[in-house]
Amino acid sequence: MGIRFVLMVNKQGQTRLAQYYEYLTIEERRALEGEIVRKCLARTEQQCSFVEHRNYKIVYRRYASLFFLVGVDDDENELAILEFIHLLVETMDRHFGNVCELDIMFHLEKAHFMLEEMVMNGCVVETSKSNILTPIQLMDKAS
Amino acid sequence: MAGSSIMDNLFQRTLEDLIKGFRLQLVGESALISKAVEEIRREIKSTDLDIKSIALQKLSYLSAIYGIDMSWAAFHVVEVMSSSRFAHKKIGYRAASQSFHEGTSVLLLITNQLRKDLSSPNEFEVSLALECLSRIVTIDLARDLTPDVFTLLSSSKVFVRKKAIGVILRVFEKYPDAVRVCFKRLVENLENSDSQIATAAVGVFCELSSKDPRSYLPLAPEFYRILIDSRNNWVLIKTLKIFAKLAPLEPRLGKRIVEPVCELMKKTGAKSLMFECVRTVVTCLSNHESAVKVAISKIGELLVDPDPNLRFLGLHALSDVAPTHLWAVLENQEVVIKSLSDEDPNIKLESLCLVMAMVSESNVADISKVLVNYALKSDPEFCNEILGSILTTCSRNVYEIIIDFDWYVSLLGEMSRIPNCQKGEEIEAQLIDIGMRVKDARLQLVQVGRDLVIDPALLGNVHLHRILCAAAWVVGEYVEVASNPFELMDALLQPRTNLLPPSVRAVYIHSSFKILVFCLDCCLMQNQEHVSSLDSSNLAVGYSGLVAGKKHTETRDFASCEGPTHDAQNEGFSPQNSMDSSEQLAVQNNAVRIVTQDQTSIATSLEKNNFTLESIVGLLNLIELVLSPLAANPDVEILERARNVLSFVQLIKAEISDNSNQNVDILDKKDAQVSAIVKLMCDAFSDELGPVSLNAQGRVAVPDGLVLNENLDDLNAICGDIELPSSSSFSIGGPHFGTTSDASPFNLPKKEETEPLNESASLLEHRKRHGLYYLPSEKNEITYDDYPPPNDPQKKTNLNDESEDLSKLAGQSLSLKKRPNQTKPRPVVVKLDDGDVVPISVKKPEPRDDSLSGAVRDVLLGSEAKPSSSQSNPSDKSSGTDKKNLSSYHPSEIKENVIGAEMPDQANPNRKSKHHGRHKERRRSPRKTIEGGEHDQRENKKSSHRHNRHKARQGSSSPLNVAPQTPVIPDFLL
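Protein chains in written order, with the UniProt record's numbering: chain A, 1 to 143; chain B, 1 to 974.
Worth flagging that the hints you see were computed from the coordinates, not collected in a lab.
Hints may be right or wrong, so weigh each one.
[Said to hold, decoys possible] Facing chain B, according to a computed beta carbon distance under 7 angstroms, are these residues of chain A, among others: (1) 77; (2) 79; (3) 96; (4) 97; (5) 116; (6) 125; (7) 139; (8) 140.
Where a beta carbon is used, it is the ideal one built from N, C-alpha and C, also for glycine.
Model the full structure from these sequences, guided by the hints.
Encoded structure:
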């Protein structure tokens, strides 16, 4: 499994979205998120965006007030994950129009759907923005 | 009832309301949460699915964001999932994939719901079900739903198909037999022209091949085609990852891919892809020099990039390449060293690793010096990283790269004094270890130990206590090379030692005991010389002879061949010595001492120290004064040792006090008694401590009449299939077991508990474990010198710059010049023939997903060992459903697959490519090729020729047969 989890955390350290591709209990998730957030948010812009934590490699990127943190296996390509994060942000941007933290808070379900279109079972399966968004728009119309 | 439902409906808070509520109320969040959960608990019981689903949605949100437990709502989740409305279903599935896991009991209830949704005409419902399945799949679900996923693998809707491909990975993991059903379709999807489908399939194969690459070698031509054809960077990265796993298994594959990989590396504009190419080259194509050169030039570009991410990855790649191509590191030395002071701790760590990779015996001193200076300036964390890596590198393979131990021991002392140093335990271990292993280093070691022990400021630092413990032990154990034992005694008994933890303090007291005994002994010896009496105690003279011998051993440079002789002298008090004439010994004593003084400036000098009776009495008084209060210490270790010393002091005092004013002759007689006591104590400390081999126990001979092998075979037969973890450090396998029986002695004791065993066997076992093993009585320090180790000439960079700036060191090229001051030969380092290498367990770990890879291999390589049972199983399952067609053509497909997969093993390249054509064709017209497949099965043995022609015809009619027939395929694995 390439990607183990995707987190979106604001700069106060509050989780805004958490998607795990392996089962962890709620306590484990809370602990993990706390540790990672503490580690990553303390880093400066001049430092690199890769952090090792437990047996994960964490690739993160900050967009305005929101941190995107992706936990991956050790042999995953860090730069590709950074591109993945960027693609995710672009996709959300296209859908919501100038996406911000509030969009994700109020449309968590949609954010999850986008993520689900992009990542299946920890593997990135889709990298085209329109392919990701079409089913979501269709679903919007249907319901 | 209906009324209340409407009311509920009207006044139920939606998720949006809930979120708004949280945003408005910034304090008292937890109260708000518990209120919301209370509300949800009430609402979720509603019979109205609208209310229920909204309640569930809120609960999922709270659980995802605030970590609220939602396992109690599992049954409600199932209810919402099974709603016919998509809006409800969506919420239900989301909640299920978020909260269900293997232990959720209601999972048993959802199999049919999932099956229904998987075959729904609404592709979004199918997608929901697949998504959920990928998260919560269990063995049962995987087994029951394999036929449904199999059908979806060839769905006409790309949207559904790519998700089915994504799910299959989890299904395989849980239920390896699914491979026999689905694998072929998965391979077909890999060959699909639709990029979305191929992307998904490559992702799955990347994961599969990382676990058991060998099984996927037959698919190499397919991956190669993707590598050449694909324009999607993500797919290319995944394909490179697959090749990185496959190439080490098949050298010809490496040759084949090295060129396209280099092409990609040069051409691509995407840094991620370029980096993946670099990583592939340095990890698995490192024997292709030209490719490595290109990769290293790319790494060089990364290293100077302003983006810290790229710099980090460049350094990382460089450390991957370091073991095989050290020149690459040396080429980029300057950048690496500059990175030591980067802002980012991660980058600093990487560069530290690289600097340590450059260390060799010729530059270790210089590099260490510079690094210690860096450590002084760094933050505590990185400081300790530096110290840790110096310690690890220098002690590797029993101090392999250290030539000048005096320098290294001083470095250890220097490191101890670095304010942020927290490496106490490691330094402690190394100080003691060097003391035991390297005799020539003891003089310097005692000097360093003295400096540490004597400094009252160090006693207050808790991180130094372990080091002080080692220092105290060293000065006590090797006091005979100390320049001034009295000074040491003062240091060990200084008042601030009460800051030490009891365990360390006990070592201090014990060391002072050793020093006292040494001083008394020297004093006696001096008196004997002074009087030069022939009739003084033989024992005392004998003992002084022994001391002389010991010193002789320690201070001389000796070659390895002389080792045993000296050991014999060290062995302890030997009767021959005492029989020798004392004059001779005295002379020898003096001679040795003179030699000692000549050789080293701070050598032991008994004359200089003047062990007069007065000084000894002063010493005894001091000890008594300091240790008396400790005789009632609550810590038993301190108490016991303090009492030992005090009793000894009182004993000696009683002997000498009444004589102190009398003349020498009477003193002499008294001396006989004193020296008898002192001799006894000296004897107790005279045996030299040496390192103990990890395998020491294995050298104990097996007692006569004990046949250890006798029952082992029976046991193996009884419980041969039980896999037991073997501990590598517990080794009771002696030479009697031979080399191959490594595992059996490990296994035995544990089997004892699980298997019925005849009495004699268990008795033997018991004896073996508890009674009849002990450490060998002979000294097991076998001194041999296998130095110098083979060293890559490239490693011998010259870094002997005097400047403290490493970047200047870096400026120097890798010249082969040796350090000029290496005139001093490396001292002997005691190594135990086998003990210093931790035995590596010979057994390979069992692959975890054995059954999965086995199944894949069966499918791909056509092993027909387990034929019908597994194949019929899925068909049985599917026969109950409406997919009758599945059960009818499963077996034939599998058989055909088996034949198809044999292709790579067969010699004819044409035949192989034609098979590919057939694959394509078959997808277009399943019915027809199924017949072809059965046909194959019957006939492939007798007439492969005809079969080929038949296939070729079919292949040529296929529109898709072009790509696989490229001439690259035959080169691969034939």
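Status of each hint after checking the structure:
1. 77: holds, 5 angstroms
2. 79: holds, 4 angstroms
3. 96: Hint violated; residue 96 (chain A) Cβ to chain B Cβ min 15 angstroms, cut 7 angstroms.
4. 97: violated, 19 angstroms
5. 116: holds, 5 angstroms
6. 125: holds, 4 angstroms
7. 139: holds, 6 angstroms
8. 140: Status violated, d = 11 angstroms.
Checked against the numbered hints listed earlier, the structure breaks hints 3, 4 and 8; every other hint is satisfied.
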